[in-house]
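A.B. asks: All chains, full assembly: derive it from the sequences and hints.
The sequence shown: position 14 = 13 (numbering that gives the first Met the number 0), numbered continuously.
Hints in this document: simulated from the structure, not taken from any laboratory.
Incorrect hints may appear among the rest.
Derived CB-CB ranges, DEER-like [what the hints assert, rightly or not]:
{"hint": "1", "residue 1": "108", "residue 2": "70", "range": "27 to 35 Å"}
{"hint": "2", "residue 1": "65", "residue 2": "155", "range": "27 to 35 Å"}
{"hint": "3", "residue 1": "49", "residue 2": "108", "range": "29 to 37 Å"}
{"hint": "4", "residue 1": "45", "residue 2": "127", "range": "37 to 45 Å"}
{"hint": "5", "residue 1": "139", "residue 2": "104", "range": "39 to 47 Å"}
Glycine included, each C-beta is placed from N, C-alpha and C at the ideal position.
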Amino acid sequence: MITIILLSVQYFLMCSLSFRILREKNRKFIVLSVISAVIFSLVYLQFELFATGLLWVYLIAMNFFVAKSTVHKSLISSSSAILIVIFSDYLTLFINPMFNVNVGEYTRFFYTVIVALLLSFAFRKLVNTTSLFENDLYMPMISLIATGTFLIHFIVITMERHVTNQREMEMINSYFVIVYSLLSLFSASIFVFSARKYYKNKEIENYLHYLKQYATDIEKSIVTFEHLNTIIRIC
Numbered sequence: 000m001i002t003i004i005l006l007s008v009q010y011f012l013m014c015s016l017s018f019r020i021l022r023e024k025n026r027k028f029i030v031l032s033v034i035s036a037v038i039f040s041l042v043y044l045q046f047e048l049f050a051t052g053l054l055w056v057y058l059i060a061m062n063f064f065v066a067k068s069t070v071h072k073s074l075i076s077s078s079s080a081i082l083i084v085i086f087s088d089y090l091t092l093f094i095n096p097m098f099n100v101n102v103g104e105y106t107r108f109f110y111t112v113i114v115a116l117l118l119s120f121a122f123r124k125l126v127n128t129t130s131l132f133e134n135d136l137y138m139p140m141i142s143l144i145a146t147g148t149f150l151i152h153f154i155v156i157t158m159e160r161h162v163t164n165q166r167e168m169e170m171i172n173s174y175f176v177i178v179y180s181l182l183s184l185f186s187a188s189i190f191v192f193s194a195r196k197y198y199k200n201k202e203i204e205n206y207l208h209y210l211k212q213y214a215t216d217i218e219k220s221i222v223t224f225e226h227l228n229t230i231i232r233i234c
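C.D. replies: Structure (C-alpha cells):
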C-alpha cells in the first residue's frame, strides 16, 4: 500500500508539472493529475518502467487534445515534467553522500519531492521571464532537445536494468554521452539554419515594406502634383 502511495505521489508530480509548466493553474488538470497518478501507479506494479513511457505518451496526448497546447509545447511540458522528477531523485541521491548524510527511503523520497517542486518553480520562472517559449524560431529546437533527452534517458535506464557488470555500465554511459552530443549538435544546426532563414525572410519583408512605403510616397507626390497643376490651370 505504501508503495502505491509513493508511486502515486511521484506520478502526480509528473502529471501536475506537465499541465502547469506552460500554462496557468487549473483545477480540472489537478483532478485529472490525481486520477492519472493512481492509474499509472497501478500500471507500474505490472509493467514497471514501461509505465513511465506510457505516461509520457499519455501526457503529450492530454496536453495536445485536452489542454489545447501546440505540438511543441506538449512535447516540452511532458518531457520536462518527467525529467525534473527523475533529475530531482538523482540529485538527492548524489548530494546525500557529499554531506555524509545517510537517509532512509522515505526521507529521500520527501527530499526528492521538495527538490522537484523547487526545480519546477525555477523552470516556470524561466518560462515566464523569457520569450523563448513563445518564439516560433526557438520552439522546435527546445522541443527536440526536451524530447530527445527524455527518450535517450529512458533508453539508458531500460538498458541499465539488464546490466551485469561495470564494463557494460560504462559502455551505456558512453553511448548516452555520444548520442546526446550528436543530438545537441543537430539541434544547434537546426537553430542556425532556422535563424538564417528567419532573418533572411525578415530582411525581405522589411525590403518589401520599404518598397510599398516608397510607392505610397510616390503616389502621394503624384496626387499633390496633379492637384497643384489643377490649381495653376484655374488661376
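A.B. asks: Do residue 139 and residue 104 keep their Cβ atoms within the hinted range of 39 to 47 Å?
C.D. replies: holds, 40 Å
A.B. asks: CB of residue 65 to CB of residue 155, is that within 27 to 35 Å?
C.D. replies: Since the Cβ atoms of residue 65 and residue 155 sit about 30 Å apart, the hinted range of 27 to 35 Å holds.
A.B. asks: Return holds or violated for the Cβ distance of residue 108 and residue 70 against the range 27 to 35 Å.
C.D. replies: holds, 33 Å
A.B. asks: Is 37 to 45 Å respected by the C-beta to C-beta distance linking residue 45 and residue 127?
C.D. replies: holds, 39 Å
A.B. asks: Look at the Cβ atoms of residue 49 and residue 108 and judge whether their distance stays inside 29 to 37 Å.
C.D. replies: violated, 22 Å
Hint violations for this structure: number 3 only, all remaining hints satisfied.
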